[in-house]
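Participant: Could you build the full structure based on these sequences and the hints that come with them?
Each chain, written out:
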Amino acid sequence: MIRRTMLAACVVGALALTTACTNGSTGGTGTLTYMTFETPSLNSTFWNDSIAAAVKDAPGVKINRITSPSTDRDGYAKQLQASGQFPDLLQSITPSTFAGAGLLVPYDQAWVDANFLLPQGNALKGKVYIPPTNSQIIPEVFYNKELFAKAGVEPPKTWADFLTVCEKLKAAGITPMELGGGDPFAASMPLVGILSADVLGKNPQWLQERYAGKVKFSDANVIAAVEKYRKLVTSGYFDEGALGVKYADSITQFTGGKAAMYMMGSWFLGSVPKDDADNFGAFPVPTADGSVVIPFAVGGSMAISSKTKDLDGATRFAQAWSLDPGNLKALIESDGAFPMLKGKTLDDYNVTVSQVFKDSFAYVTDKNTKVAAIGWASNDDAMPPGLNDQLYAASQALFTSADVKGEMAKLDAAWDTATK
Amino acid sequence: MRTRKSRASRDNGLFAMAAVAFGLYLCFLVLPLLLSLKSSFTDENPLRSTSGFVGLDNYGEMIHDDQLHASLGFTLILAVGVTIAANAIGIAFAMMLNRTTLSYRVMRTIAFLPQVLSGVIVGFVWQTILTQQGLLNVTLQRIGLIDSPIAWLGSPNLALLSIGVVVTWILTGFTTVVYLAALQGVPVELYDSAAIDGATTWQRFARITFPLIAPGMTISVTISLITVLKLYDVITVLTGGGPANSTRSTALYIVKLAFTDNRFGYASAVAMLVLAMSAAIALSVTSLLRRREVNF
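First to last, the protein sequences are chains A and B. Quick note: the first sequence uses the UniProt record's numbering, first residue 1, plus one each step. Quick note: the second sequence uses the UniProt record's numbering, first residue 1, plus one each step.
It is worth saying that the hints were derived from the structure and are not from the lab. Mixed in with the good hints there might be a few duds.
To be verified - Negatives, chain A to chain B, calculated, CB over 12 Å: (1) Thr31; (2) Ser44; (3) Asp49; (4) Ala52; (5) Ala58; (6) Pro59; (7) Arg65; (8) Lys202; (9) Ser218; (10) Val245; (11) Ala277; (12) Ser395.
Unchecked claim - Listed below are the simulated DSS-like cross-link pairs for lysine-lysine, each with C-alpha atoms no more than 30 Å apart in a straight line: (13) A/Lys202 with A/Lys367; (14) A/Lys358 with A/Lys145; (15) A/Lys344 with A/Lys329; (16) A/Lys367 with A/Lys344; (17) A/Lys307 with B/Lys38; (18) B/Lys230 with A/Lys307; (19) A/Lys157 with A/Lys358; (20) A/Lys216 with A/Lys274; (21) B/Lys256 with A/Lys420; (22) A/Lys358 with A/Lys344; (23) A/Lys216 with A/Lys231; (24) B/Lys38 with A/Lys420; (25) A/Lys202 with A/Lys157; (26) A/Lys258 with A/Lys231; (27) A/Lys125 with A/Lys274; (28) A/Lys150 with A/Lys228; (29) A/Lys410 with B/Lys256; (30) B/Lys256 with A/Lys214; (31) B/Lys38 with A/Lys127; (32) A/Lys125 with B/Lys256; (33) A/Lys125 with A/Lys216; (34) B/Lys256 with A/Lys216; (35) A/Lys127 with A/Lys367; (36) A/Lys410 with B/Lys230; (37) A/Lys329 with A/Lys145; (38) A/Lys258 with A/Lys274; (39) A/Lys307 with A/Lys127; (40) A/Lys405 with B/Lys256.
Glycine is no exception: its CB is placed at the ideal position from the N, C-alpha and C atoms.
Facilitator: Structure (structure tokens):
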């Protein structure tokens with residue numbers, strides 16, 4: 001009888017312990033759960049050091065760091081939410097995905113206005129859920145200066161010039177464009193660049209109007225833009241087997257001189273070989289009239305859960321972490337992130353960057369037309385859930401299929417399903 | 001008296017073990033299944049704490065879901081192709097390895113190796129072989145068989161073929177072992193009698209071996225089919241479902257629906273469909289193959 005009672009007590013105790021471990025968002029009184037992720041440069045040491053530094057500026061806060069098993073932070077955050085373990089702080093998630101469900105709290109606007117160059121850079125309906133600490137150009141066109149010189153061409157300003165450059169490179173026996181088509185996001189880069197420059201460059205509100213149902217992917221101007229991508233494919237400016245090239249291999253091939261140009265997000269700057277950095281340059285995706293349009297996305301640090309039991313502590317920690325220039329150093333040097341803290345120059349971050357980084361950064365700081373990088377923006381111009389995948393798939397499909405209208409109709413249908 | 005006591009004690013032990021197994025089965029199979037079934041009638045979203053009952057809407061939507069149809073088509077083609085290839089090669093390998101010497105036993109172990117490797121590892125290994133600058137293209141170019149690299153993973157048809165080859169390679173280890181076990185149950189006397197009657201090698205295979213390994217074939221074919229119908233890891237690593245979703249299996253599509261599109265309810269409905277399909281296919285194939293089983 002005693003044995004049975006003991007056994008029952010143990011089972012109840014174990015169940016209670018399990019429940020205590022799985023329910024609630026905090027790891028204990030005063031301890032905040034902080035979801036991070038790891039990459040070769042943003043490794044465990046980086047996160048631990050940056051947390052330690054931020055905690056010094058947020059006295060009394062204790063952090064329990066958890067790590068996303070992959071770089072898909074959104075996916076992991078959804079799993080945690082579904083199992084009742086939504087973290088207090090979430091690094092580099094897509095705020096539009098979670099804010100709509102009321103899972104995030106916005107930052108104090110006065111604090112955001114006081115500290116960032118583009119305070120509304122990733123705002124959703126006027127509210128900032130992730131401090132806009134850095135930005136990217138997605139994509140720009142990187143080029144190999146040596147191969148350009150060999151073919152006797154200069155960086156083009158207009159789309160017509162761009163086609164001429166491609167043709168001359170091809171005639172010189174040089175593959176004009178590298179494409180890591182084996183990874184869907186990388187395959188979409190030329191299409192993202194052309195759509196952002198051509199469609200959003202002329203109508204920066206295009207994505208908002210798509211939400212309102214005023215415009216469609218199957219509209220004539222979008223079809224015309226996509227046909228430009230088809231022109232690059234059918235003219236043989238990409239390697240024929242580009243859809244079999246993985247993103248990592250495409251970087252190696254481009255930096256190894258196998259192709260003259262590479263449309264990629266500015267994070268590629270972190271992969272420019274240090275000993276050969278001066279051989280690489282960058283220019284914006286050319287437009288028909290030569291006007292400069294920069295497909296732009298403002299990233300940021302961490303979001304704060306609306307479920308946190310210590311909003312004050314979470315906010316103090318998040319603000320301290322976001323304003324620490326040391327945390328941006330790794331992002332600038334390894335990820336080509338452009339810092340967006342107010343009143344700071346590159347020197348303040350104690351970084352070593354290449355000339356092509358500085359030239360690219362100039363597109364961010366210069367006055368020009370900045371539009372949402374389609375599929376990458378995390379503000380009101382973010383696409384509905386699942387649409388990015390559909391855009392990537394369309395990019396791959398259009399590499400082998402001429403059915404531009406059909407692919408755009410599929411995008412419209414997917415958009416309507418996702419927003420109904 | 002002692003015997004009756006020890007038997008009772010043994011029965012209690014067996015009952016306790018069965019109860020644990022049954023409890024685990026309920027917790028980790030039946031309960032999730034029932035929860036998923038319930039979810040399939042709702043608009044459950046991982047980001048919302050509440051969900052609404054939508055009746056059969058999710059099941060109705062499947063009728064018009066082109067992406068689902070494409071993923072089902074791909075999965076079924078792969079399942080049929082791989083099952084036929086893996087079983088044919090498995091029979092051939094088993095017949096070659098049906099010896100008792102040390103070298104054949106070593107070769108049996110080697111043949112089974114792909115089966116014990118994680119699908120993710122296999123995917124990465126084959127990726128280094130099949131990518132544009134991979135081992136296969138480099139080798140073919142060096143021996144002069146091709147001028148430019150072939151996009152093994154970059155065109156829809158070749159990607160299907162490539163995945164088929166990789167999954168066949170994995171499954172062949174399993175099918176070989178199953179057929180080896182089946183072959184060892186075939187009485188040697190039957191071959192001796194056939195030899196006396198002047199039967200050819202083909203006649204011996206067609207009249208003796210093939211009918212008598214039928215029970216093994218039932219197991220091997222059924223498990224091969226089920227394995228491919230739920231395939232996820234190898235495809236994720238090799239192609240990620242591309243190019244242009246052409247190699248997206250139904251398992252990949254379910255994960256996309258649940259964790260990218262935030263549609264747990266619809267993803268659960270698709271999962272229920274796949275479960276029902278797998279069960280129906282497995283039952284049909286099993287009953288079909290059992291009819292041709294021969295017992296001695």
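Participant: If a hint holds in the structure, say so; if it does not, say that too.
Facilitator: Evaluation of the provided hints:
no.: 1; hint: Thr31; result: 23 Å, holds
no.: 2; hint: Ser44; result: 22 Å, holds
no.: 3; hint: Asp49; result: 31 Å, holds
no.: 4; hint: Ala52; result: 32 Å, holds
no.: 5; hint: Ala58; result: 28 Å, holds
no.: 6; hint: Pro59; result: 33 Å, holds
no.: 7; hint: Arg65; result: 22 Å, holds
no.: 8; hint: Lys202; result: 28 Å, holds
no.: 9; hint: Ser218; result: 16 Å, holds
no.: 10; hint: Val245; result: 5 Å, violated
no.: 11; hint: Ala277; result: 24 Å, holds
no.: 12; hint: Ser395; result: 8 Å, violated
no.: 13; hint: A/Lys202 with A/Lys367; result: 16 Å, holds
no.: 14; hint: A/Lys358 with A/Lys145; result: 16 Å, holds
no.: 15; hint: A/Lys344 with A/Lys329; result: 13 Å, holds
no.: 16; hint: A/Lys367 with A/Lys344; result: 18 Å, holds
no.: 17; hint: A/Lys307 with B/Lys38; result: 27 Å, holds
no.: 18; hint: B/Lys230 with A/Lys307; result: 36 Å, violated
no.: 19; hint: A/Lys157 with A/Lys358; result: 19 Å, holds
no.: 20; hint: A/Lys216 with A/Lys274; result: 43 Å, violated
no.: 21; hint: B/Lys256 with A/Lys420; result: 18 Å, holds
no.: 22; hint: A/Lys358 with A/Lys344; result: 15 Å, holds
no.: 23; hint: A/Lys216 with A/Lys231; result: 22 Å, holds
no.: 24; hint: B/Lys38 with A/Lys420; result: 22 Å, holds
no.: 25; hint: A/Lys202 with A/Lys157; result: 17 Å, holds
no.: 26; hint: A/Lys258 with A/Lys231; result: 21 Å, holds
no.: 27; hint: A/Lys125 with A/Lys274; result: 41 Å, violated
no.: 28; hint: A/Lys150 with A/Lys228; result: 26 Å, holds
no.: 29; hint: A/Lys410 with B/Lys256; result: 17 Å, holds
no.: 30; hint: B/Lys256 with A/Lys214; result: 28 Å, holds
no.: 31; hint: B/Lys38 with A/Lys127; result: 36 Å, violated
no.: 32; hint: A/Lys125 with B/Lys256; result: 27 Å, holds
no.: 33; hint: A/Lys125 with A/Lys216; result: 22 Å, holds
no.: 34; hint: B/Lys256 with A/Lys216; result: 24 Å, holds
no.: 35; hint: A/Lys127 with A/Lys367; result: 24 Å, holds
no.: 36; hint: A/Lys410 with B/Lys230; result: 26 Å, holds
no.: 37; hint: A/Lys329 with A/Lys145; result: 27 Å, holds
no.: 38; hint: A/Lys258 with A/Lys274; result: 18 Å, holds
no.: 39; hint: A/Lys307 with A/Lys127; result: 18 Å, holds
no.: 40; hint: A/Lys405 with B/Lys256; result: 25 Å, holds
Violated hints, in rising order: 10, 12, 18, 20, 27, 31; the structure is consistent with all others.
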